[in-house]
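Please build the complete structure, drawing on both the sequences and the hints.
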Amino acid sequence: MKHARPGSSNAAMPWPNRIDRLRIRHLRLLDLVARSGSLTAAGERLHLSQPAVTKMLQELELAFGCKLIERTTRGGRLSLAGERALERLRVVLGAIDAAGDALLTRPEVALVRLGMLPLVGMDVLPRAVAWLRARGNLPRLAVREHTVAGLTAMLSAGELDCIVGRLQKEHAGQLEASAHITRLRDEHLAVVCAPGHALARRRAVALADLHEGPWILPPRGTHTRDVFEQPFLDDGQLPPVPHIESASFHSNLAMTAAGGFLTVAPATALANYQALSMVCQVRLRTPFASGQLVFITPAQIESPPAVALLRVALQAVAAQDASVPSAPVRRR
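For what it's worth, the UniProt record's numbering labels the leading residue of the sequence shown as 1, then goes sequentially.
One or more hints might be untrue.
[To be verified] Subject to a maximum C-alpha distance of 25 Å in a straight line, what follows is the list of computed SDA-like cross-link-like pairs (lysine to any residue):
no., residue 1, residue 2
1, Lys67, Gln300
2, Lys55, Arg23
3, Lys67, Arg25
4, Lys67, Arg77
5, Lys67, Leu80
6, Lys67, Thr54
[Said to hold, decoys possible] For each label pair, taking beta carbons as the anchor points, the in silico distance ranges come out as:
no., residue 1, residue 2, range
7, Leu22, Ala258, 56 to 66 Å
8, Arg127, His211, 31 to 41 Å
9, Ser290, Gln315, 17 to 27 Å
10, Pro107, Ile301, 18 to 28 Å
11, Glu245, Glu87, 30 to 40 Å
12, Arg133, Ser303, 17 to 27 Å
13, Ala247, Ser79, 32 to 42 Å
14, Arg127, Glu302, 21 to 31 Å
Derived from the structure by calculation, the hints contain no laboratory data. Values in this document were obtained by computation on a predicted structure and should not be read as measured data. Every residue, glycine too, gets a C-beta built ideally from N, C-alpha and C.
This is the structure:
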């Protein structure tokens with residue numbers, strides 16, 4: 001059976017033996033064209049002449065049996081087939097880069113590239129690290145902090161091995177098609193104030209009372225800000241306008257304690273601040289909707305053993321939390 005050439009009117013078929021001959025730089029060519037919009041720029045990054053880049057593109061398209069890059073007046077862009085191919089190949093490129101990082105120093109210890117939301121580092125991750133170290137199974141960790149959207153994008157691009165973060169239950173359902181999601185525990189969003197704030201003395205605070213402020217909130221577009229604003233919108237109210245916008249929960253809680261502000265944070269992240277009597281949780285008449293703390297890995301590839309061990313550690317820590325009754329809210 002003859003294989004159709006790329007660009008022919010007949011259905012194209014890939015050449016498996018030619019796919020096996022592709023080199024890593026063939027795969028990087030697609031990624032570089034997608035990022036730069038130019039074959040010339042991609043060739044410069046690969047230190048190749050224009051004829052060499054053209055030949056490499058022909059080899060790629062012949063191997064996959066379809067047109068991957070469309071020529072434009074500005075240089076080149078990926079075809080729809082090229083975009084679909086790159087979605088998969090970025091995972092491969094990320095794995096290759098990770099292998100290089102893992103073997104650069106201390107190759108005898110596994111490396112895990114972990115993405116997390118900032119407050120995970122205050123509560124869950126330290127205990128999971130201690131759990132692993134006590135058993136002699138602690139891998140090297142390369143930790144990246146970002147928003148939920150930023151972390152999931154890095155995971156899809158093969159830049160991370162796993163994520164620990166919070167999701168609303170409906171958002172977790174949307175991700176299940178492209179990722180493996182392990183639910184660790186329920187997470188509740190708490191409204192927090194300084195002990196001297198007027199709302200700290202009230203036993204039942206309504207949604208309308210929260211307009212008293214002043215507020216420190218995460219920026220718009222973040223998961224926490226969306227969860228915070230939704231109850232106001234559902235009730236026909238405009239959400240409070242923050243006096244300060246900050247993505248750092250650590251800074252937000254510290255400023256709340258010192259300056260008489262209100263802020264929001266996952267309830268499980270408040271323990272250290274409450275133990276020092278720096279802040280207290282506002283007693284809401286109707287609590288905010290709960291989300292879930294989850295561990296996410298790519299669906300396309302099998303998790304390395306070190307990632308699987310980290311999952312086990314996080315599950316163990318979450319199980320400990322579930323077995324301990326939550327402390328009652330202190331009333332004044």
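Of all the hints numbered above, which does this structure not satisfy? Sort the numbers upward. none
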